[in-house]
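From first to last, the protein sequence lines are chains A and B.
Numbering-wise, our numbering comes out as the position in the first sequence, counting from 1, plus 2.
Numbering-wise, our numbering comes out as the position in the second sequence, counting from 1, plus 2.
Hints were generated in silico from the structure; no laboratory data involved.
As the structure is a computational prediction, the values presented were derived from the model and not from experiment.
All C-beta atoms, glycine included, are put in the ideal place defined by N, C-alpha and C.
Among the clues, some could well be false.
For lysine to any residue, the following SDA-like pairs were computed, each having C-alpha atoms within a straight-line distance of at most 25 Å [to be verified]: (1) B/Lys-167 with A/Thr-267; (2) B/Lys-153 with A/Ser-45; (3) A/Lys-149 with B/Glu-181; (4) A/Lys-153 with B/Leu-185; (5) A/Lys-186 with B/Asn-137.
FRET-style restraints, in silico, Cβ to Cβ [claimed, not checked]: (6) A/Asp-125 with B/Glu-181: 31 to 39 Å; (7) B/Gln-160 with A/Lys-112: 37 to 45 Å; (8) A/Thr-136 with B/Ser-217: 47 to 55 Å; (9) B/Gln-160 with A/Val-127: 25 to 33 Å; (10) B/Gln-216 with A/Glu-181: 40 to 48 Å; (11) B/Glu-58 with A/Ser-109: 57 to 65 Å; (12) A/Ser-151 with B/Asp-131: 27 to 35 Å; (13) B/Pro-128 with A/Ala-212: 50 to 58 Å; (14) B/Glu-203 with A/Leu-70: 40 to 48 Å; (15) A/Gly-92 with B/Ser-109: 55 to 63 Å.
Looking from chain B toward chain A, a few residues come up when the C-beta cut is under 7 Å (computed) [said to hold, decoys possible]: (16) Phe-159; (17) Arg-177; (18) Val-191; (19) Lys-194; (20) Ala-195.
Number of protein chains: 2
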Amino acid sequence: MPHIASLCANSHRLYTMADHKWTGSVKSLKGVILDMCGVLYDSGEGGGVPISGSVEAVKRLKESDLQLRFCTNETQATREKFVAKLQRMGFELSVSEVFSPAPAAVSILKERGLKPHLLVHDDLVPEFDSVDKTNPNCVVIGDAADKFSYKNLNDAFQVLIGMEKPVLFSLGRGRYYKETDGLKLDVGVYMKALEYACDVEAEVVGKPSAMFFQSVLNDMALQPHEVLMIGDDLVNDVGGAQQCGMKGLQVRTGKYRPSDERHPTVTADGYVDNLAAAVDIILRHRSQ
Amino acid sequence: MPHIASLCANSHRLYTMADHKWTGSVKSLKGVILDMCGVLYDSGEGGGVPISGSVEAVKRLKESDLQLRFCTNETQATREKFVAKLQRMGFELSVSEVFSPAPAAVSILKERGLKPHLLVHDDLVPEFDSVDKTNPNCVVIGDAADKFSYKNLNDAFQVLIGMEKPVLFSLGRGRYYKETDGLKLDVGVYMKALEYACDVEAEVVGKPSAMFFQSVLNDMALQPHEVLMIGDDLVNDVGGAQQCGMKGLQVRTGKYRPSDERHPTVTADGYVDNLAAAVDIILRHRSQ
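The shape of chain A in the complex, shown without the other chains (with noise of 0.2 Å):
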């Protein structure tokens, strides 16, 4: 990553522009969605470390009169033990206030009446347990990390191209993230690879989906208008929210890479140091 000078004294000048453009709406605000991984914490080897300062913002967001959920495309364990994780990070929350794309899935596998093959991580396969399995009929891949084998995407990869229209379910549609040890494939990357090889489109599950940013609009019962989602993936969080009519907010911390703040389609209506700083700049804007 070279032109790291001058691209942050671009990134100091988109700053100070678009920063301007998201304050101005803050006082309507009714409620805020966060992106969790990258944004509350960095994963890792033994879960991961949080963000300096996020574990107090979340409590300043609670302690405020907006509405507060949790979006994440995790996909490494059960909802359960991933709120029980980040509890133990000292975080403030619970699993009725997460949302992700595995429930998500399970509800629609169940409307659609289709039994999945499963490529996922082992941890959160019990997500799963109530949906049949047997003589599967589509495929839900998730991030399967070191599951990502060549047999087990040969495998999934059968039970496609043996349908005639295959129907594969992505559980997100990331690229890579960043754990301690530096930045990991992400589901969407195996997603593309199964499209090409069965020339297929996938359903998305989980953010940027328009269906999953609804049902957690729903969920508060406010309009997108009156909703900021702050993440650290420009495209997955800032642009799907966006898409939603809600204003989204890039953090510069987890995956956020200079060149976001240039990137040619998505432009954040803010950019923020971290989740601290963010959550400083909203609750000073509303007590003025």
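On the provided structure of chain A, position chain B as indicated by the hints.
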């Protein structure tokens, strides 16, 4: 794969029409290029097995007045080992008659002073012995099969994402190939995965690259319209050859599927049941 009966009826009709089209130009042919896997043999455990009649068909072509070359996207072995395997199956061919992506990639790397990170089959590595691989500034992927682990794909991704302008070479862009125990994912699937992860377009070395086909034509010192390509891959063999101005014949062996005969963008100049049938027709029309 449903509607087999109607597809077969359909394909028979297309065959009759297309047959007429390609046989008209057989008398003016001066050379034939054969794809190997799926035309000469089916790969699988123990190296694979010859397709019925293909050993004799190659022998008949060699005894004719036509020039003959072999053009493969095989990247699971060095050209020497690969040719030795085919010779053990009974095929008459020599290393100098076989064109494969790895030697072509080595030429490109040397021309451009590039140092590759390799994600290829262990048995292909010796092809790159003469290339400096320290501090890699590009990635070369081939059909790595079981070596396409999450870790290895992630390692290749890390090299690419760390570069200002990622340079990715893919040895072919096939979706899948047929082994004796079923269809297997090919390198193109992983090329698409890395393209999406890094927002980059791979440079394809091998079929269907025009540069690759042209190197075979140069070796024969023939013009495209004087040469017929015979393959089982509609897009990479037939479509690639047609893009170069050759005629392209698809055999109904290997990875052939009935739906190929109603492909939206590529139509073969003819469809034949297997190589033996193709050679029969060619030699019969030339002797008339």
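Status of each hint after checking the structure:
1. B/Lys-167 with A/Thr-267: Judged against 25 Å, a Cα distance of about 19 Å means the pair holds.
2. B/Lys-153 with A/Ser-45: Given that 25 Å is the threshold and the Cα spacing comes to 17 Å, the pair holds.
3. A/Lys-149 with B/Glu-181: Between A/Lys-149 and B/Glu-181 the Cα gap is close to 23 Å, so the pair holds against 25 Å.
4. A/Lys-153 with B/Leu-185: holds, 12 Å
5. A/Lys-186 with B/Asn-137: Since the Cα atoms of A/Lys-186 and B/Asn-137 sit roughly 21 Å apart, the hinted pair holds (cutoff 25 Å).
6. A/Asp-125 with B/Glu-181: 31 to 39 Å: Holds, since A/Asp-125 and B/Glu-181 (Cβ atoms, about 32 Å apart) stay within the stated range.
7. B/Gln-160 with A/Lys-112: 37 to 45 Å: Given about 39 Å between the Cβ atoms, the range holds.
8. A/Thr-136 with B/Ser-217: 47 to 55 Å: holds, 51 Å
9. B/Gln-160 with A/Val-127: 25 to 33 Å: Check passed, 28 Å falls within 25 to 33 Å.
10. B/Gln-216 with A/Glu-181: 40 to 48 Å: Holds, at about 44 Å.
11. B/Glu-58 with A/Ser-109: 57 to 65 Å: holds, 59 Å
12. A/Ser-151 with B/Asp-131: 27 to 35 Å: holds, 28 Å
13. B/Pro-128 with A/Ala-212: 50 to 58 Å: holds, 51 Å
14. B/Glu-203 with A/Leu-70: 40 to 48 Å: Taking Cβ atoms as reference, B/Glu-203 and A/Leu-70 lie about 41 Å apart, which means the hint holds.
15. A/Gly-92 with B/Ser-109: 55 to 63 Å: Cβ of A/Gly-92 to Cβ of B/Ser-109: about 57 Å, so the range 55 to 63 Å holds.
16. Phe-159: holds, 6 Å
17. Arg-177: With a minimum Cβ separation of about 5 Å from chain A (threshold 7 Å), the hint on B/Arg-177 holds.
18. Val-191: OK, holds: B/Val-191 within 7 Å of chain A, min 5 Å.
19. Lys-194: holds, 4 Å
20. Ala-195: This interface hint holds because 4 Å falls under the 7 Å limit.
Checked against the numbered hints above, the structure breaks none of them.
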